[in-house]
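Using the hints provided, position chain S relative to the given structure of chain U.
Chains as they are written, first to last, in this note's numbering: chain U, 1 to 112; chain S, 113 to 226.
If you're looking for bench data, these hints aren't it; they were derived computationally from the structure. Among the hints, erroneous ones may be present.
List of simulated lysine-lysine pairs, DSS-like, C-alpha gap at most 27 Å [unchecked claim]:
| no. | chain 1 | residue 1 | chain 2 | residue 2 |
| --- | --- | --- | --- | --- |
| 1 | S | Lys153 | S | Lys178 |
| 2 | U | Lys71 | S | Lys153 |
| 3 | U | Lys99 | U | Lys56 |
| 4 | S | Lys178 | U | Lys68 |
| 5 | U | Lys111 | U | Lys54 |
| 6 | U | Lys37 | U | Lys71 |
| 7 | U | Lys71 | S | Lys178 |
| 8 | U | Lys99 | S | Lys126 |
| 9 | S | Lys132 | S | Lys167 |
| 10 | U | Lys5 | S | Lys126 |
| 11 | S | Lys178 | U | Lys99 |
| 12 | U | Lys99 | S | Lys153 |
| 13 | S | Lys153 | U | Lys111 |
| 14 | S | Lys153 | S | Lys126 |
| 15 | S | Lys153 | U | Lys37 |
As the structure is a prediction and not an experimental result, all values here were calculated from the model.
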Amino acid sequence: DQQVKQNSPSLSVQEGRISILNCDYTNSMFDYFLWYKKYPAEGPTFLISISSIKDKNEDGRFTVFLNKSAKHLSLHIVPSQPGDSAVYFCAAKAGNTGKLIFGQGTTLQVKP
Amino acid sequence: GAVVSQHPSWVICKSGTSVKIECRSLDFQATTMFWYRQFPKQSLMLMATSNEGSKATYEQGVEKDKFLINHASLTLSTLTVTSAHPEDSSFYICSARGTPDGYTFGSGTRLTVV
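For reference, chain U alone in the conformation it holds in the complex (with noise of 0.2 Å):
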């Protein structure tokens, strides 16, 4: 039972494109998402989070857009860069538990 799902296991960008990552969640008792960059071998590093009450958080590069009534969050990077290059998970909190579920990640490449 997938609570939190990321469709895309790859992405492909171009260097001063935009990266798009997608997350969907089935759980409607998640309140809090957040979005980690991960390389192999190492902890995952906290990008952005969004709470289940605003539609748009920001960062910098960084943008996390939530719809609750899809039950999709989705991060945006613009412009990529070749250093974004890793791979991205979401992760849903449910609040009762303060338990954390990630998504399967995205890889995402930002080509020179």
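Leaving out everything else, chain S in the frame of chain U:
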């Protein structure tokens, strides 16, 4: 910012032996620690949740007698893989929660059981 130190970063052990992984929050108190494992090219799967001073809560399918978790203080949690087998080989990551929405991850431990 918040830092979580996880050790060792990698370990190789023989089948049947036990391995202990430590996770320390260096500059904050973590009331809750989470332990994850990640198989190659897969997601981070939550194994258990531990609160300081109480028994860990394990996710369905995770053997509590095999994966012993101790959270004796607000800055230290340990995961012990007992009687390790090759199928336990994985990447183990801890996460410390210091604030309601603040999760800090350790750098992970690559366990290889031979």
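Hint-by-hint comparison with the structure:
With a C-alpha separation of about 24 Å, the suggested pairing of S:Lys153 with S:Lys178 holds against the 27 Å cut-off. For the hint linking U:Lys71 to S:Lys153, the alpha-carbon distance of about 25 Å falls within 27 Å, and the restraint holds. The suggested pairing of U:Lys99 with U:Lys56 holds, with an alpha-carbon distance near 22 Å, which does not exceed 27 Å. Between S:Lys178 and U:Lys68 the CA atoms are separated by roughly 39 Å; this puts the pair beyond 27 Å, and the hint is violated.
Under the criterion of a C-alpha separation no larger than 27 Å, the hint pairing U:Lys111 with U:Lys54 is inconsistent with the structure, at around 32 Å. For the suggested pair U:Lys37 and U:Lys71, the alpha carbons sit about 21 Å apart, so the restraint of at most 27 Å is met. Only pairs whose Cα atoms come within 27 Å are accepted, and U:Lys71 paired with S:Lys178 is rejected, the gap being roughly 36 Å. Taking the CA atoms of U:Lys99 and S:Lys126, the gap is near 32 Å; set against the 27 Å cutoff, the hint is violated.
Using a Cα cut-off of 27 Å, the hinted pair S:Lys132 and S:Lys167 holds, with the two alpha carbons roughly 17 Å apart. With a C-alpha separation of about 36 Å, the suggested pairing of U:Lys5 with S:Lys126 is violated against the 27 Å cut-off. Distance hint between S:Lys178 and U:Lys99 is fulfilled; the C-alpha atoms sit about 21 Å from each other, no more than 27 Å. Distance check on the hinted pair: U:Lys99 and S:Lys153 sit about 22 Å apart at the alpha-carbon level, within 27 Å; holds.
For a cut-off of 27 Å, the pair hint linking S:Lys153 to U:Lys111 stands: about 21 Å separates their Cα positions. In summary, the hint linking S:Lys153 to S:Lys126 is supported, as the alpha carbons are separated by about 24 Å, within the 27 Å threshold. Between the alpha carbons of S:Lys153 and U:Lys37 the distance comes to roughly 14 Å, so the proposed pair stays at or under 27 Å and holds.
Going through the hint list in order, the structure does not satisfy hints 4, 5, 7, 8, 10.
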